[in-house]
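Going from the sequence shown to this note's numbering is simple: count from 1 and add 1272.
Mixed in with the good hints, there may be bad ones.
As the list claims (entries may be wrong) - Computed list of lysine to aspartate or glutamate pairs in DMTMM-like fashion (alpha-carbon distance at most 25 Å, straight line):
| hint | residue 1 | residue 2 |
| --- | --- | --- |
| 1 | 1295 | 1316 |
| 2 | 1285 | 1328 |
| 3 | 1285 | 1325 |
Derived by calculation from the structure, the hints in this document are not laboratory data. This structure is a prediction, so every number in the text was calculated from the model and none was measured.
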Amino acid sequence: MSTILRTLANLRKVGIRYQGDTKAGTLIGKDNFGNKYFENLEDELPLRTRWVDYKEDEFDP
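With the hints as constraints, model all of the structure from the sequences given.
Here it is as structure tokens:
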């Protein structure tokens, strides 16, 4: 049940941009390839507090 509530809360924060896992967090950094690194230590499940949005999956030019 907590996963459903977490998903709905994150949908409200970031909106629907693409299909996949809905996550909301703080941008930690960006590398030379355009990949963005995020972190959320409060609302995420253990071992799922950091993630990468890859440049190749961006829909904005």
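These are the hints, each one checked on the structure:
no.	hint	in the structure
1	1295 x 1316	holds (8 Å)
2	1285 x 1328	holds (23 Å)
3	1285 x 1325	holds (16 Å)
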